[in-house]
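By the numbering used here, the letter at position 147 of the sequence shown is numbered 147, and the numbering carries on one by one without gaps.
Rather than coming from a laboratory, the hints here were simulated on the basis of the structure.
Built from N, CA and C at the ideal position, the CB exists for glycine as well.
Any given hint could be a false lead.
Unchecked claim - Below are the SDA-like pairs computed for lysine to any residue, each with C-alpha atoms no more than 20 angstroms apart in a straight line:
1. K99 with H126
2. K79 with C40
3. K79 with L109
4. K99 with I44
What the hints assert, rightly or not - Label-pair restraints from in silico Cβ distances:
5. E132 with T16: 34 to 42 angstroms
6. Y20 with Q139: 41 to 49 angstroms
7. S123 with E53: 15 to 23 angstroms
8. S86 with E132: 19 to 27 angstroms
9. I34 with G57: 28 to 36 angstroms
10. Q56 with D23: 17 to 25 angstroms
11. A36 with P124: 23 to 31 angstroms
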Amino acid sequence: LLHCWHDTRSRPSQLTAGFYNTDGRDGYEDVAKIFAKHSCTMIIPGMDLTDGEQPQGVRSCPQSLLSQVMGTCKRHGVKVAGENSSLVRVGTAGFTKIKENVLAEKSTLDSFTYHRMGAEFFSPDHWPLFTEFIRSMAQPEMEKDDIPSNLERLSLSINSVPGNDRELQSA
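Using the sequences plus the hints, can you model the full thing?
Okay, structure coming up:
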């Protein structure tokens with residue numbers, strides 16, 4: 001995802017890489033057509049990046065570029081596989097952005113891969129945030145009126161879960 005200088009009319013980073021993607025011309029249109037013709041999935045990194053976190057001097061707009069590419073893929077019926085960026089990030093901002101991109105109503109995202117799981121990833125500062133993020137992706141959020149109060153308990157009948165979906169975890 002060549003988002004440096006994307007906030008300019010000429011978009012030189014993309015032109016240098018061979019994408020004629022200027023203000024007024026979608027350089028990813030032809031690429032998406034080829035991917036659609038051959039039933040390929042487009043892999044797009046940087047799903048955790050936000051425009052506000054980028055250095056101002058490089059006029060970088062990863063959100064804008066991601067939106068453009070995903071919109072082009074949707075128009076041509078191309079599936080998208082998302083990835084996080086090459087940056088190791090500690091904090092919830094990246095997870096929030098990934099969740100927004102994955103769960104977006106207009107998303108054509110078919111899969112997501114989380115890369116770069118090094119020592120910092122498993123640190124006590126990062127690991128709990130990641131597990132909370134994964135749980136939030138797998139479990140729908142409760143509405144305010146569905147959350148039990150201090151006097152109530154939330155319980156599910158074992159019969160309410162289909163037999164094939166029941167899992168037992170042991171520690």
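Results of checking the hints against the structure:
no.: 1; hint: K99 with H126; verdict: holds, 17 angstroms
no.: 2; hint: K79 with C40; verdict: holds, 7 angstroms
no.: 3; hint: K79 with L109; verdict: holds, 6 angstroms
no.: 4; hint: K99 with I44; verdict: holds, 15 angstroms
no.: 5; hint: E132 with T16: 34 to 42 angstroms; verdict: holds, 39 angstroms
no.: 6; hint: Y20 with Q139: 41 to 49 angstroms; verdict: holds, 44 angstroms
no.: 7; hint: S123 with E53: 15 to 23 angstroms; verdict: holds, 20 angstroms
no.: 8; hint: S86 with E132: 19 to 27 angstroms; verdict: holds, 23 angstroms
no.: 9; hint: I34 with G57: 28 to 36 angstroms; verdict: holds, 34 angstroms
no.: 10; hint: Q56 with D23: 17 to 25 angstroms; verdict: holds, 19 angstroms
no.: 11; hint: A36 with P124: 23 to 31 angstroms; verdict: violated, 45 angstroms
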